[in-house]
Structures are given as C-alpha cells and as structure tokens.
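Asks: Build the full structure now, drawing on both the sequences and the hints.
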Amino acid sequence: MRYWYCPRDDRIRPMKRSADGRCDICLQDCVQIRVKHSIHGYIMYALDIVAAIMIVLYLAHYQFDADFASFVRAVNEVAYIGAMFALIFVSFIFSGLDMVRMQAEALRIGREGRDGT
Numbered sequence: 001m002r003y004w005y006c007p008r009d010d011r012i013r014p015m016k017r018s019a020d021g022r023c024d025i026c027l028q029d030c031v032q033i034r035v036k037h038s039i040h041g042y043i044m045y046a047l048d049i050v051a052a053i054m055i056v057l058y059l060a061h062y063q064f065d066a067d068f069a070s071f072v073r074a075v076n077e078v079a080y081i082g083a084m085f086a087l088i089f090v091s092f093i094f095s096g097l098d099m100v101r102m103q104a105e106a107l108r109i110g111r112e113g114r115d116g117t
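Mapping the sequence shown onto the numbering used here, position 25 (from 1) lands on 25, and the numbers just tick up by one.
If you're looking for bench data, these hints aren't it; they were derived computationally from the structure.
Take the hints with a grain of salt, since some may be wrong.
Ranges of calculated distance between the beta carbons of each label pair, as one might list FRET restraints [to be verified]:
1. Y62 - V90: 19 to 25 Å
2. Y62 - R17: 24 to 30 Å
3. L97 - I49: 16 to 22 Å
4. D67 - R111: 57 to 63 Å
5. D24 - I49: 32 to 38 Å
6. S70 - D20: 54 to 60 Å
7. F71 - V31: 48 to 54 Å
8. K16 - A79: 48 to 54 Å
9. I81 - L27: 18 to 24 Å
10. R8 - Y80: 50 to 56 Å
11. I55 - M1: 24 to 30 Å
12. A79 - K36: 35 to 41 Å
13. G113 - D48: 52 to 58 Å
14. P14 - A66: 20 to 26 Å
All values reported here derive from a predicted model rather than from experimental measurement.
Every residue gets a Cβ at the ideal spot worked out from N, C-alpha and C, and that includes glycine.
Replies: Below, the structure is given as structure tokens:
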C-alpha cells in the first residue's frame with residue numbers, strides 16, 4: 001500500500017489517486033512510501049475468498065438448485081450462515097491489524113528518511 005509522509009507534520013496519510021504529492025494540511029511536498037502487507041493482510045484475503053466461495057455455494061444450492069452444491073443441504077443452515085458471517089468478521093479484525101502495522105511501518109520509514117538514518 002502507498003502512503004504520503006509529510007516531514008513537516010510528521011503524519012502519514014493513505015495515498016489517493018488524485019493527490020498531487022502535497023500535504024493536505026500544510027501544502028508542503030510529501031514523500032511517497034510503499035509498504036507491503038503483513039501476514040495479517042494475506043490471512044484477511046484468504047478468509048474473504050473462503051467466505052465468498054461459501055456464499056456462492058449457498059446461493060447455487062438454495063436459489064439455483066445446482067448439483068455441485070448439494071452437500072450444503074447436509075449442513076445446518078443457521079450454522080452455515082453463522083460461519084460465513086464469522087469469517088467476514090474475523091477478516092475485518094485481520095484487516096485492522098494489517099492497517100495498524102502498515103501505518104506504523106510507513107511512519108517509521110518516513111521518520112528514518114527525515115532523520116537521515
């Protein structure tokens with residue numbers, strides 16, 4: 001993910017596509033910083049994919065009576081829907097953990113660049 005770091009304000013902001021490289025507050029030039037996702041981000045993506053597959057299988061079975069999703073009938077419907085929502089909820093938690101770590105890492109990189117270390 002890309003961030004803007006303003007050395008004057010010592011703040012990090014997510015990079016917008018329409019941004020011109022200046023701070024929104026002080027209008028000074030910012031430094032672009034790229035930070036990779038942590039393991040939390042990849043876990044979030046995996047949970048989202050599993051939840052999406054579960055939703056597709058549920059709809060395929062109950063709305064379109066598809067044979068490839070007939071095993072969904074054997075599972076308790078309330079438990080199945082609960083598992084889908086639980087996966088999405090846990091995904092939000094991992095997303096938050098990933099965002100906090102990426103912002104802290106971007107701020108650390110920005111401060112190191114500012115201090116010349």
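Asks: Could you run down the list of hints and mark each one as holding or not?
Replies: Do the hints match the structure? See the list:
no.: 1; hint: Y62 - V90: 19 to 25 Å; in the structure: 24 Å, holds
no.: 2; hint: Y62 - R17: 24 to 30 Å; in the structure: 39 Å, violated
no.: 3; hint: L97 - I49: 16 to 22 Å; in the structure: 18 Å, holds
no.: 4; hint: D67 - R111: 57 to 63 Å; in the structure: 58 Å, holds
no.: 5; hint: D24 - I49: 32 to 38 Å; in the structure: 34 Å, holds
no.: 6; hint: S70 - D20: 54 to 60 Å; in the structure: 55 Å, holds
no.: 7; hint: F71 - V31: 48 to 54 Å; in the structure: 52 Å, holds
no.: 8; hint: K16 - A79: 48 to 54 Å; in the structure: 42 Å, violated
no.: 9; hint: I81 - L27: 18 to 24 Å; in the structure: 50 Å, violated
no.: 10; hint: R8 - Y80: 50 to 56 Å; in the structure: 53 Å, holds
no.: 11; hint: I55 - M1: 24 to 30 Å; in the structure: 26 Å, holds
no.: 12; hint: A79 - K36: 35 to 41 Å; in the structure: 36 Å, holds
no.: 13; hint: G113 - D48: 52 to 58 Å; in the structure: 33 Å, violated
no.: 14; hint: P14 - A66: 20 to 26 Å; in the structure: 40 Å, violated
Consistency with the previously given hints fails for numbers 2, 8, 9, 13 and 14, ordered from lowest to highest.
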